[in-house]
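As they're listed, the protein sequences go chains W and C.
In terms of this note's numbering, the first sequence opens at residue 1 and continues consecutively.
In terms of this note's numbering, the second sequence opens at residue 1 and continues consecutively.
One thing to keep in mind: the hints can contain errors.
For identical chains, the list gives no copy identity; a pair is met inside one copy or between any two copies.
[What the hints assert, rightly or not] Cut-off 25 angstroms, straight-line C-alpha distance, at most; resulting in silico cross-link-like pairs (SDA-like, lysine to any residue):
#, residue 1, residue 2
1, Lys271, Leu231
2, Lys145, Gln286
3, Lys271, Asn140
4, Lys145, Phe283
5, Lys271, Gly109
What the hints contain is simulated information worked out from the structure, not anything from laboratory work.
Because the structure is a prediction, the values reported are computed rather than measured.
2 protein chains.
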Amino acid sequence: MTTKNRQILLVSRPTGEPTPDNFRMIESELSRPGKGQMLLRSIYLSLDPYMRGRMNAGKSYAPPVEIGQVMEGRAVAEVVESNAPGYQQGDVVFAPMGWQEFAVSDGQGVRKLDPAPRPLSYALGILGMPGMTAYTGLLNIGQPKPGETLVVAAASGAVGSVVGQIGHLKGCRVIGIAGGPDKCLFVKDELGFECLDHREPNLASRLEAACPKGIDIYFENVSGAVFDAVLPLLNNFARIPVCGLIAHYNATELPPGPDRVPLVMHQILVKRLTFRGFIVWDFASQMPQFLAEMSAWLREGRLKYKEDITDGLENAPRELIGLLRGENFGKKIIRVGEEVH
Amino acid sequence: MTTKNRQILLVSRPTGEPTPDNFRMIESELSRPGKGQMLLRSIYLSLDPYMRGRMNAGKSYAPPVEIGQVMEGRAVAEVVESNAPGYQQGDVVFAPMGWQEFAVSDGQGVRKLDPAPRPLSYALGILGMPGMTAYTGLLNIGQPKPGETLVVAAASGAVGSVVGQIGHLKGCRVIGIAGGPDKCLFVKDELGFECLDHREPNLASRLEAACPKGIDIYFENVSGAVFDAVLPLLNNFARIPVCGLIAHYNATELPPGPDRVPLVMHQILVKRLTFRGFIVWDFASQMPQFLAEMSAWLREGRLKYKEDITDGLENAPRELIGLLRGENFGKKIIRVGEEVH
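The following block holds chain W by itself, in its conformation from the complex (with noise of 0.2 angstroms):
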């Protein structure tokens, strides 16, 4: 067996954009197990929206990643050597394993996997964080009925796409948002519902014309201009669930005036709107129902669900900034290792 271990460390901190020279890969002795540890090999490691937040400085909903440690990250690995009590070689888990091959874990935030869904990636995706995100944010706070309208931007990606797909099976009219004629054709014709090309000009108009009965339900995962579209047509009541702001993530400062707060204020008082951010884990005690009621749509075919697989740890960077571009198409997952058999 090996006895290195690779790493990518974040070695500055962006200003807007991320860039490569933000990231260093080395190579450094691979640790072993001591007492109650375990040592785990990464097979998927899962990049998401939420990374931008925390290579900055400063207060967020969990702390940035200081400089010189290994990137944070979330990942299906193999248990390969346990001193951990309840854990074997051969397991299966989900670990924050960071952006490493390796990592030596005392079970901390780490959950045994049921090895039967296959690919094991859906843990990441459709059965793990993004799909739980889709899940709760959408039912707790979006609250969808029959017959209403739902708007969800980055209709193809990990959250929206579930998002969209749970709105349809709820019975709303969904219309998803979208960036570019391939993904908007994946959006129509594999999950099903109605999508617009943002990068099409008129978003406004299209939307206006696409929502005719207003909007009821405008789950916001990117913000800027989708936004600024959905918030004249919302209905009285309409639910915001606040999940992400992808379109604000690289931004250094704010945008040129006027300062629309009181604007925003006022449709929130006269139209009666609700918003309210939540981060998955708000609703952790939903997990078990999460996982049974996803699963079994998964299995009746009801939901699908797009994965964006590139091999080798290396390819992490150049990959989570293309993410935060919008150029991935599904969920992004970096192949580090093998899967178990």
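Starting from the structure of chain W, add chain C where the hints point.
Same frame as chain W, but now just chain C:
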């Protein structure tokens, strides 16, 4: 009995702050009630910030007052003549009278009042729409819990004074914000919670010092500088019932940039805030519970309430303009006619 009616019409729409020229008082012939109708005599007319919105053209949660129409307003009135089923001479009612001494009504929007709780004007304040606004918004959306910090602006006003006192009864630490030393003294000495004067410098740093454990509930009824001071102090999972935005009601354009909408959305996301707009009638079904609980608190002396009463319908325009400037001290009422005995 008189055969004349005095009425105040909206004769032009204000740009920014209303002026006396936007109104005109006229004397007209008194109409007689037809079949199924009754004649009402106004006793107390309520002046409220929402009236500024009705003076604008354009869509809000209620249609505007048309040019040449009697200004909209709610009043405590006496039935002086009745052909309406269920009403008889001498009944005391709550009615959408408008700004006039007499009105013919078919009963729409009219509600019989228990004449026992005196003064009758309380039905326009603590036992009426402002009180119910405070009660329903705070309890349903704010969801106060013992030990939490509640901030309420316009803390000596009709809504704010009730919000603060109910928050106090529910075990919250309450920080009121009001304009001027007299109002702040009243809040501290009479209402029994802390108060900061927003006319003094450095509101943001004084508010921060007054809220060492952050802010869990911000009852929004002013916006503007108070909102700006509150935003950075909000705790995770803070609730913001959005009830009014008086600081913007006279605004003719948005403030200069930058556009802080992305900043507010970022706060909503990372702190998992809930902003929810409401108007009192969204909780109409809670009126019996509201009346029972508030009446009991008043009887037991656990709630204090201050009115600011001006005699004479002719003074309503001037007093509404003053109300929008924060010149009233307590719930603003116009005494249009004598109380019943």
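Here's how the hints hold up against the structure:
With identical chains, the CA atoms of Lys271 and Leu231 are at most 25 angstroms apart both within one copy (11 angstroms) and between copies (22 angstroms). For a Cα distance limit of 25 angstroms, the shortest separation of Lys145 from Gln286 qualifies both inside one copy, at 20 angstroms, and across copies, at 24 angstroms. For a Cα distance limit of 25 angstroms, the shortest separation of Lys271 from Asn140 qualifies both inside one copy, at 20 angstroms, and across copies, at 17 angstroms. In the homo-oligomer, the alpha carbons of Lys145 and Phe283 lie at most 25 angstroms apart both inside one protomer (20 angstroms) and across protomers (20 angstroms), since each shortest distance falls under that limit.
For a Cα distance limit of 25 angstroms, the shortest separation of Lys271 from Gly109 across copies, 22 angstroms, qualifies, whereas the shortest one inside one copy, 41 angstroms, does not.
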